[in-house]
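Undergrad: Use these hints to put chain X onto chain P, whose structure you have.
Just so you know, the protein sequences line up as chains P and X, in that order. Residue numbering for the first sequence follows our numbering, beginning at 1 and increasing consecutively. Residue numbering for the second sequence follows our numbering, beginning at 1001 and increasing consecutively.
One or more of the hints may lead you astray.
Over 12 Å on every C-beta distance to chain X, these chain P residues come out as not near it, computed from the model [said to hold, decoys possible]: (1) L92; (2) I120; (3) L165; (4) I281.
These stretches of chain X come out as covered by chain P in the derived footprint (C-beta under 8 Å, 3 or more residues) [what the hints assert, rightly or not]: (5) 1081 to 1090; (6) 1121 to 1134.
Derived DEER-like restraints, expressed as beta-carbon distance ranges [said to hold, decoys possible]: (7) P/A192 x X/A1098: 24 to 34 Å; (8) X/A1098 x P/H118: 17 to 27 Å; (9) X/T1075 x P/H118: 24 to 34 Å; (10) P/R317 x X/G1202: 41 to 51 Å; (11) P/D129 x X/G1030: 18 to 28 Å; (12) P/E128 x X/R1023: 26 to 36 Å; (13) X/D1211 x P/A186: 45 to 55 Å; (14) P/R317 x X/R1118: 33 to 43 Å; (15) P/V306 x X/G1182: 28 to 38 Å.
Note that these hints are calculated values from the structure, not bench results. For glycine and all other residues, C-beta sits at the position ideal for the given N, C-alpha and C.
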Amino acid sequence: MPMACRWGPPAVPPTTCCEPMNVAAEPSLLAILLLQGGYNTVVVMLGAAALGAAAGAVGVFAMLRRRALVADALAHATLPGVALGFLAAVALGLPGRSLPFLLAGAAATALLAALSIHLIASRTRLPEDTAVASVLATFFAAGIVLLSVIQTLRTGGQAGLDVYLLGATAGMLRGEAITLACFAVAIAAILALLFKELVLVAFDAEFAAAHGFPVRVIDLAVVALVLAVVVIGLRLVGLVLIVALLVIPPSAARFWSNRAASVTLISAVIGAASAYGGAAISAVAPDLPTGAVIVLVAFAIFAVSVAIGPARGLLPRAFGSRRAAAGEAA
Amino acid sequence: MLQQLQHDTEWPATAAPAPIAVRNLTVLYGGQPALADATWDAPRAGLVAVVGPNGAGKSTLLKAMLGLVPVAAGTVSFGGEDIDAARGRIAYVPQRSAVDWDFPATVLDVVTMGRYRRIGWLRPVRRADREAARAHLDSVGLADYADRQIGALSGGQQQRVFLARALAQRARIYLLDEPFAGVDAATERVILDVFRRLDAEGALVVCVHHDLQTVAATFDHVLLLNRRVVAAGPVATAFTTEAIARAYGVPLGPAGSPADDVL
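Just chain P, same shape as in the assembly:
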């Protein structure tokens, strides 16, 4: 089937309207962290920070509503979509790596995965985690097969596709970074608007339903927000590790506060700091996969939070801080 794509024209070289980053200077990590890394690097880092903030905030509700595994399955299920988007673009005579095609494909197969999980869990007696694991593996396998088929094509441009597996800032365009930031702002606005309802359903869905709140719609909103974060985060973090950006910042934030609003804000800050730091390191060492670096930065913040977080960190407990032991709100 994919052989049909051979009639596509050779890939057009990347447009030159926006300069890829990492072109000229080689500033130090400190300089980059202080936004001295050149215009493109700065834009990419700010875009990354916006994505990290959105992921951290949305992740709080994915975690509280126990949707972390579903988020991971959705992320892995974007791979066949990315491949199909590539093939569709090539078939239409466009450069294979047209972002709108790749992201639309990613969203489509991730949605299909979400639907599959829902159907398997609700129509069979299989537990949800079994459904999630099967769907994750199946969609990822389909993506890997499609990717290897694409590698055999003579269309060109496929070399950049592996970016979507592990993420990269290298070659990221200014326009892409600005798109990330816009999405992040939109997600923040939706979260702020729905905050009360999201917390209510996350804490006590049965009470919310008895109270007349549409639990299913609110749950769908959480999945939609997770899906949005996953899809816009693919380019930077990669589909294998994007779930970490949804899970680690909220887990770390929980050690700093006992209230949902503060946990959400702190999680957004931790997500932003991780993505910002990771993107900066990746600007210094473009060969490192950005997603992996971001996750390691996030984990470092998590480790510090577990140790000293005032709400339930190990040190505050060990030193018998009465306030922490009594669980007073931070």
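TA: Coordinates of chain X only, in the frame set by chain P:
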């Protein structure tokens, strides 16, 4: 049996529709009836105990009334209205084990949730809402705990938080699922106190209860369940040794056989 039931309660059958009217309600769990053909009219007001052995469908009845579980057959109406029209006047206290007490919320946050419906969709919680919630927290003796994380409370205190959240709804009908289960003596006194207050205000309190010993002392009315309605009415007439024996001792008849003749 229906006529008999309505006669047992304290108002004529011709009056306005009962605050809760359950008609031929059947709920299936995995193909098995958790509740079979239940018909019941709640009294106009007062304290009602829902009593029966484990698996008798007590919690299921509350959830089915609220539309929280799918109903296989039958209807529930509230003063002649459908549940969605009546939600504003119904408060629900789920079992304490139904939520994760490690959730990042303070005691006051949870009680304030009782006002969310009143606040409305997408509108922020205001200071007045938190002050109202604080007053209800005070009424269950937990004013000093407002800023604690909910997981730092004892089981009984958690139950009181749920009760305060229900009170914050300012409802007419209160549906409580095992509020006395595993609570300390202080909490038991607080709950009884709240029940008395609600009773005096003319509210209807329907409470799933597990302790047969305290039914007569605490409640005016009883609904004895064992997947079917075994008996219902004022405690004095319906809560008989024979009815209790039927609810707890006698196995359920073959499917479809009426349990209606027990009164």
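Undergrad: Confirm or reject each hint.
TA: A quick look at each hint next to the structure:
1. Here P/L92 stays apart from chain X, with its beta-carbon at least about 41 Å from theirs, past the 12 Å limit.
2. With a cut of 12 Å on Cβ distances, P/I120 stays outside the contact zone with chain X, its closest approach being about 17 Å.
3. Every beta carbon of chain X lies more than 12 Å from that of P/L165, the smallest distance being close to 33 Å; the non-interface claim holds.
4. For P/I281, the shortest C-beta to C-beta distance to chain X comes to about 31 Å, beyond the 12 Å cut-off, and the non-interface label holds.
5. Against chain P, the segment 1081 to 1090 of chain X contributes 4 residues with a C-beta closer than 8 Å to a partner C-beta. That satisfies the three-residue criterion, and the hint holds.
6. Figure legend: the segment 1121 to 1134 of chain X, annotated as covered by chain P; annotation consistent (5 residues with Cβ-Cβ distances under 8 Å, at least 3 required).
7. A C-beta distance of roughly 28 Å is found between P/A192 and X/A1098, which places it inside the suggested range of 24 to 34 Å.
8. Range check, X/A1098 to P/H118: about 22 Å between beta-carbon atoms, so the 17 to 27 Å window is met.
9. For the pair X/T1075 and P/H118, the beta carbons lie near 29 Å from each other, so the given range of 24 to 34 Å is met.
10. For P/R317 and X/G1202, the hinted distance range of 41 to 51 Å is satisfied, since their beta carbons lie about 49 Å from each other.
11. P/D129 and X/G1030 have their C-beta atoms about 20 Å apart, which keeps the hinted 18 to 28 Å range intact.
12. Separated by about 35 Å at the C-beta atoms, P/E128 and X/R1023 satisfy the suggested range of 26 to 36 Å.
13. Range check, X/D1211 to P/A186: about 53 Å between beta-carbon atoms, so the 45 to 55 Å window is met.
14. Distance hint check for P/R317 and X/R1118: the Cβ-Cβ separation is about 39 Å, which falls inside the suggested range of 33 to 43 Å.
15. For the hinted restraint 28 to 38 Å between P/V306 and X/G1182, the CB-CB distance of approximately 32 Å keeps it satisfied.
The earlier numbered hints are all upheld by this structure, with none contradicted.
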